[in-house]
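Undergrad: Note that the protein sequences, when read in sequence, are chains A and B. Each step along the first sequence adds one to the number in the working numbering, with nothing skipped, and position 70 is 70. Each step along the second sequence adds one to the number in the working numbering, with nothing skipped, and position 117 is 117.
Worth flagging that the hints you see were computed from the coordinates, not collected in a lab. C-beta: ideal position from N, C-alpha, C; glycine also. Worth double-checking, as some hints may not be accurate.
[Stated by the list, open to error] To spell it out: a stretch of chain B is covered by chain A in this simulated footprint if at least three of its residues, at any positions, have a beta carbon under 8 Å from a beta carbon of chain A; those stretches are: (1) 12-24; (2) 44-58; (3) 68-77; (4) 87-101; (5) 105-119.
Each chain is listed here by its residues.
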Amino acid sequence: MSQSYNRGLVEDFGRWREFSAGMWAWIFHKFTGWVLIGYLFTHIAVLSTAMEGAASYNSTIQGLEGLLMIRVLEVGLLAVAVFHILNGIRLLMVDLGIGLESQDKSFYASLFVTALIVVASVPTFLGGGL
Amino acid sequence: MAERYSSFAPGGTSWLLQRITAAFLIGVLAFHFFQLHFVTHAFEVELAGTQARMENPAYYLTMVSFLIAAAFHGVNGVYNALVNQGIEGTQKTALKWGLTAAGIVLVVQGIRVANAMAGVSIV
C-alpha cells in the first residue's frame with residue numbers, strides 16, 4: 001500500500017524538533033554524501049601528484065599523513081563513509097520493502113555500529129609514523 | 001505504513017542506477033578503506049607500492065570501476081538532492097550540465113592518474 005503525504009520542507013531546520021528517525025537518516029545520508037563527493041574531487045587532485053613522479057607523490061602523501069589534523073579529519077571521513085555505507089544498506093533494504101516497519105531501529109543500529117567501528121579504528125588512524 | 005524519505009522518485013532510471021552503483025560501492029569503498037588504512041597504513045603509502053597494486057589488472061579495473069561508479073553516484077545524488085529541494089527551469093538545466101561536466105572531468109583525470117600509476121600510456 002502506498003500513501004501520499006505532505007512532509008513539508010525537511011531542510012527547514014527550524015522544524016528539527018519534529019524530525020522523526022527516518023528524516024534524520026535522510027538528512028545524515030545527504031550530508032555524508034555531500035562530504036564524500038567533495039572528498040572524491042580532493043582525493044583525485046592529491047593523487048594526481050603521481051603524474052609528477054615518485055618524489056612529488058611520496059612527499060605529498062607522507063607530508064599530509066604526517067599532520068595530526070589530517071589524521072583526525074580521516075577519522076571523520078571514516079565515520080562519514082561507514083555511516084553512508086550502513087545507512088545505504090538500510091536504504092536498499094527499505095526500497096526492497098524489507099524491514100520497513102523497523103526502519104527507525106535500523107537507523108539507530110547504523111549509528112551505533114558506525115560509532116563502534118570508528119572508535120575501534122582510532123588507534124590505527126592516529127597511531128604510528130607521527 | 002512508515003514514511004519513506006528519499007530524494008529520488010522510486011522506479012526511475014536515475015533511481016535504479018543509484019541503487020546499482022550503491023550496491024557495488026558498499027563493497028568496494030569498504031575494501032578501499034581497509035586496504036589503505038589497515039593492510040597498508042596511509043602514512044606508509046609510496047608510489048612504488050601504489051604502482052605494484054595498480055599493475056595488477058584486476059585491481060586496476062576495480063579501482064577504475066570504483067571511480068566511475070562513485071563519480072556517477074555522487075553527481076547523481078547531488079543533482080537529485082537539489083531537484084528535490086525545488087530547483088527548476090534554467091537553474092536545473094545548468095545544474096545538470098555543470099554536474100555532468102564535473103563528473104566527466106573527475107573520471108577523465110582519475111583514469112589519467114590510474115594509468116600513470118599502472119604504467120599504462122595512451123598516446
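Undergrad: What are the numbers of the hints that this structure violates, sorted from low to high?
TA: Of the numbered hints, just 4 does not hold.
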